[in-house]
Amino acid sequence: MSVRVSSPSITRAAARGRHRTRGHYVGRGAIIAVLAVLTVAFALPFYWLLSTALKTSPQIFAVPIIWVPTPLQWSNFSNAISFFPFWQYLFNTVVICAFTVLGTVCSNSLIAYGLARIDWPGRNLVFILLLGTLLLPSQVTLIPLFIMFAHIGWVDTYLPLIVPAFFGNAFFMFLLRQFFMGIPRELGEAVRIDGGSEFTIFWRIIVPLSKSALAVVALFSFINSWNDFLGPLVYIRTQSKYTLAVGLSTFLGQYGSQWSWLMAASALVFIPIVILFFFTQRLFIQGITFTGSKE
Amino acid sequence: MASAIQTLPKAAGTKVSPRTWRNIRNGLLFTAPGIIGLLWFFAYPIGASFFYSLTIYDGLHSISWVGLGNYFNLFKDDVFWTSLYNTAYFVVFSVPLNLLAAFLLALLLNQQWIRGLAFFRTIFFIPSIVPLVASAVLWIWVFNPQYGLINTLLSYIGISGPGWLDDPVWSKPALIIMGLWSVGGWMVIFLAGLQNVPVEQYEAAQLDGASSWQRLVHITLPFMSPYFLFNAINGLILSFQFFLQPFVMTQGGPAESTTMYAVYLYQNAFQYYRMGYASAMGWILFVVIAIFTFILFKTSARRVYYGGS
Numbered sequence: 001m002s003v004r005v006s007s008p009s010i011t012r013a014a015a016r017g018r019h020r021t022r023g024h025y026v027g028r029g030a031i032i033a034v035l036a037v038l039t040v041a042f043a044l045p046f047y048w049l050l051s052t053a054l055k056t057s058p059q060i061f062a063v064p065i066i067w068v069p070t071p072l073q074w075s076n077f078s079n080a081i082s083f084f085p086f087w088q089y090l091f092n093t094v095v096i097c098a099f100t101v102l103g104t105v106c107s108n109s110l111i112a113y114g115l116a117r118i119d120w121p122g123r124n125l126v127f128i129l130l131l132g133t134l135l136l137p138s139q140v141t142l143i144p145l146f147i148m149f150a151h152i153g154w155v156d157t158y159l160p161l162i163v164p165a166f167f168g169n170a171f172f173m174f175l176l177r178q179f180f181m182g183i184p185r186e187l188g189e190a191v192r193i194d195g196g197s198e199f200t201i202f203w204r205i206i207v208p209l210s211k212s213a214l215a216v217v218a219l220f221s222f223i224n225s226w227n228d229f230l231g232p233l234v235y236i237r238t239q240s241k242y243t244l245a246v247g248l249s250t251f252l253g254q255y256g257s258q259w260s261w262l263m264a265a266s267a268l269v270f271i272p273i274v275i276l277f278f279f280t281q282r283l284f285i286q287g288i289t290f291t292g293s294k295e
Numbered sequence: 296m297a298s299a300i301q302t303l304p305k306a307a308g309t310k311v312s313p314r315t316w317r318n319i320r321n322g323l324l325f326t327a328p329g330i331i332g333l334l335w336f337f338a339y340p341i342g343a344s345f346f347y348s349l350t351i352y353d354g355l356h357s358i359s360w361v362g363l364g365n366y367f368n369l370f371k372d373d374v375f376w377t378s379l380y381n382t383a384y385f386v387v388f389s390v391p392l393n394l395l396a397a398f399l400l401a402l403l404l405n406q407q408w409i410r411g412l413a414f415f416r417t418i419f420f421i422p423s424i425v426p427l428v429a430s431a432v433l434w435i436w437v438f439n440p441q442y443g444l445i446n447t448l449l450s451y452i453g454i455s456g457p458g459w460l461d462d463p464v465w466s467k468p469a470l471i472i473m474g475l476w477s478v479g480g481w482m483v484i485f486l487a488g489l490q491n492v493p494v495e496q497y498e499a500a501q502l503d504g505a506s507s508w509q510r511l512v513h514i515t516l517p518f519m520s521p522y523f524l525f526n527a528i529n530g531l532i533l534s535f536q537f538f539l540q541p542f543v544m545t546q547g548g549p550a551e552s553t554t555m556y557a558v559y560l561y562q563n564a565f566q567y568y569r570m571g572y573a574s575a576m577g578w579i580l581f582v583v584i585a586i587f588t589f590i591l592f593k594t595s596a597r598r599v600y601y602g603g604s
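Chain order of the listed sequences is X and W.
Residue numbering for the first sequence follows our numbering, beginning at 1 and increasing consecutively.
Residue numbering for the second sequence follows our numbering, beginning at 296 and increasing consecutively.
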């Protein structure tokens, strides 16, 4: 009998050959069709948003529906801005987000270092307790926190939104701890033997090696803070201090029937995040993979 | 110097070496922000919330002890039960639907032979990261009964669409449909999981002549079960706290059909200033979520496969 050639790649190719039937291509065609329909379904609301934002009022209520408005009413955007202080809200939101990200990255990297790279009795207890906070619905802590902040005069400031970020967050702490635990022990030992401090190890070794994980934390906490609605809703009272999220909901309450302005304002609120996404796509996927593969 | 002390045998009664003390000190220093945060933003509020739930309190001055009075009043409160029903309705339908949709999308996008996969992934993912308020405003218009996107499309196939957010019967389904638009976040988690399934399993199955369906059921699903559990629990906990869309889009109406538990809680605390009552609501919510999470864990224990490789 001749020698049987059965290396994995050849066997794989043979298996593939068996499956290149017409049914195989019909199956693939079906998949493409489904994908196309779903893509349109998901993208359509965005198209609807822009199309309405660029219509005149009569065009919006026209029957049959006008799908492509001509001419494009860019003036809707400038009109919306005269009633919806977009730039003011944008600035406020950026300020809050910037400080929140700063606090989140700094505090959680320190905490994660203490839980991952230092061996001390009681660290597991702290870890479990911090994780436990994830199980608590925010409704339980919302009211006492509000009352407390009110009594120390922090209502109508950004402090209740920013300060907690400097004191750790279970999710981000967990993410960074997992990452730090993956860094080889020996890298820190040399500094320890030379009598260097833990902080030196943290600052000169762990942090530089963790740039990608820290970037993921920065990105996700930025998005969280940007999209936060309940926080600003509860704590900010003066309109000039509103964030984009709260500002838009107020605009909805005041100009709810001006659909073209409403859609224009809504589009303005969408745009910064969409732009951010396009610049940080890889970081997003990396971040989800961190979460996904560590489960 | 320090090493000389460490090489000596420990004297009887000495329990902790200087190095351990140093580690404890350092450990506490590094985790100090977290410990302070635990005490300030969790331990204290948890205790205070429990205390408030036993009082009538307007948040400022007048506080009076009522024991379990708030809890009894809640059980007699029709809106409480309505909000609980609305929330349960939402959870029961949206979590499984979202799981299914996210998984199907992930399967769809996991076809390596498709060009421009990143483009499709972007389209499905973006709605899940944009500000929810902006989505809410958009979807109010999308669901507009006369001129909105959905009823317009339905009219093309001869269906006269319902009143959606203006109709007590269709308001919750409308919110559920809107929720499906944001499955991108879950989808990406499933995608990460699908890419972790060992390729050899598929190849071996293919050599044995297994069909696509069989490969799906006997390889993909078991390996994906932890991801299902993760998304399910996450989704459960979040869905019970469903707040923004019903608050912004319908303010709990029409006819309280979208008064979710978190909305009623917010109204009690920040519109009626019944802080004690709202605090009691918060604790009941905690218990309800805990029970459902426990049930989910228990029923899944047998079916979740934690195969490492």
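Hints are computed from structural coordinates only; laboratory data are not their basis.
Among the hints, erroneous ones may be present.
[What the hints assert, rightly or not] Simulated restraints on C-beta separations:
#	chain 1	residue 1	chain 2	residue 2	range
1	X	Leu-134	W	Tyr-567	27 to 35 Å
2	X	Trp-203	W	Asn-368	35 to 43 Å
3	X	Val-274	W	Leu-448	19 to 27 Å
4	X	Val-207	W	Pro-463	49 to 57 Å
5	W	Ile-590	X	Ile-183	18 to 26 Å
6	X	Leu-135	W	Leu-395	39 to 47 Å
7	X	Trp-203	W	Ile-331	16 to 24 Å
8	X	Asn-124	W	Ile-331	12 to 20 Å
9	X	Val-274	W	Leu-533	21 to 29 Å
10	X	Ser-75	W	Phe-367	52 to 60 Å
11	W	Ile-331	X	Leu-134	16 to 24 Å
12	X	Val-155	W	Pro-517	29 to 37 Å
13	W	Thr-417	X	Ile-81	55 to 63 Å
Since the structure is predicted, the reported quantities are computational estimates derived from the model, not experimental observations.
Cβ coordinates follow ideal geometry from the N, Cα and C atoms, glycine included.
Verification of the supplied hints:
1. X:Leu-134 / W:Tyr-567: 27 to 35 Å: For Tyr-567 of chain W against Leu-134 of chain X, whose Cβ atoms are near 30 Å apart, the range 27 to 35 Å holds.
2. X:Trp-203 / W:Asn-368: 35 to 43 Å: For Asn-368 of chain W against Trp-203 of chain X, whose Cβ atoms are near 55 Å apart, the range 35 to 43 Å is violated.
3. X:Val-274 / W:Leu-448: 19 to 27 Å: Holds, since Val-274 of chain X and Leu-448 of chain W (Cβ atoms, about 24 Å apart) stay within the stated range.
4. X:Val-207 / W:Pro-463: 49 to 57 Å: Because 55 Å falls inside the window, the suggested range holds.
5. W:Ile-590 / X:Ile-183: 18 to 26 Å: Given about 39 Å between the Cβ atoms, the range is violated.
6. X:Leu-135 / W:Leu-395: 39 to 47 Å: 25 Å, violated
7. X:Trp-203 / W:Ile-331: 16 to 24 Å: 21 Å, holds
8. X:Asn-124 / W:Ile-331: 12 to 20 Å: Hint holds: Cβ distance 19 Å, inside 12 to 20 Å.
9. X:Val-274 / W:Leu-533: 21 to 29 Å: 23 Å, holds
10. X:Ser-75 / W:Phe-367: 52 to 60 Å: With a Cβ separation near 58 Å, Ser-75 of chain X and Phe-367 of chain W satisfy 52 to 60 Å, so the hint holds.
11. W:Ile-331 / X:Leu-134: 16 to 24 Å: Roughly 18 Å apart at Cβ, these two residues keep to the hinted range, so it holds.
12. X:Val-155 / W:Pro-517: 29 to 37 Å: The hint (29 to 37 Å, Cβ to Cβ) is violated, given that Val-155 of chain X and Pro-517 of chain W are roughly 51 Å apart.
13. W:Thr-417 / X:Ile-81: 55 to 63 Å: Hint violated: Cβ distance 28 Å, outside 55 to 63 Å.
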